[in-house]
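Engineer: Generate coordinates for the entire structure from the input sequences, incorporating the hints supplied.
If you're matching positions, the sequence shown starts at 640 in the numbering used here and goes up one per residue.
Since the hints were made in silico from the structure, they are not lab data.
Please read all numbers here as calculations on a predicted model, not as lab measurements.
Be aware that one or more of the hints could be misleading.
What the hints assert, rightly or not - Ranges between beta-carbon positions, derived for each pair:
1. I680 x E744: 30 to 36 angstroms
2. P769 x S713: 29 to 35 angstroms
3. R754 x D777: 17 to 23 angstroms
From the three backbone atoms N, C-alpha and C, an ideal C-beta is built for every residue, glycine too.
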Amino acid sequence: MADFTTSIEIEARPADIFDYLVTEAGMMAWMGQRATLDPRIGGEFAVDIAGYAIRGEYLEVDRPRRVVVSWGMSGNSALPPGASKVAFTLTPTKRGTRVDLTHSELPESALAGHRDGWSHFLSRLRIAAPGGDAGRDDWIPIT
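Structural biologist: Here's what the structure looks like:
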């Protein structure tokens with residue numbers, strides 16, 4: 640199993656970014672074509688991304704500092720629903736917020752695709768969270 644960690648700086652307050660992790664409209668502004676979210680411990684986390692049904696649940700919801708979800712793909716035996724974990728930690732900075740992301744418990748075979756995806760989607764979050772329009776998303780995952 641592998642872990643992927645990255646961070647970005649966003650010119651928005653942690654509370655504003657937090658809403659992009661726990662609301663359906665917020666999530667779809669930067670990642671996914673459909674989302675069903677129930678942001679409470681044990682609540683549903685379901686986002687459809689580029690034809691993939693990501694499924695899991697909220698494991699930690701600490702407004703406005705941290706969100707942790709389980710993550711996996713329907714119909715994928717290597718990474719089934721809830722098999723890995725994604726943690727977002729939001730830390731205030733002078734210019735806004737540092738978002739630290741850790742995606743843990745990934746199969747080695749899924750690491751490159753998730754690295755590519757997180758790079759793409761976090762750049763969209765950097766646009767959307769301060770109120771910008773990230774535009775249409777035509778991302779295609781690497782295989």
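Engineer: Give a verdict on every hint.
Structural biologist: Each hint tested on the structure:
Checked against the given bound of 30 to 36 angstroms, the beta carbons of I680 and E744, roughly 18 angstroms apart, lie outside it. Taking the beta carbon of each, P769 and S713 are about 32 angstroms apart, inside 29 to 35 angstroms as hinted. Distance hint check: the CB atoms of R754 and D777 are about 19 angstroms apart, consistent with the given range 17 to 23 angstroms.
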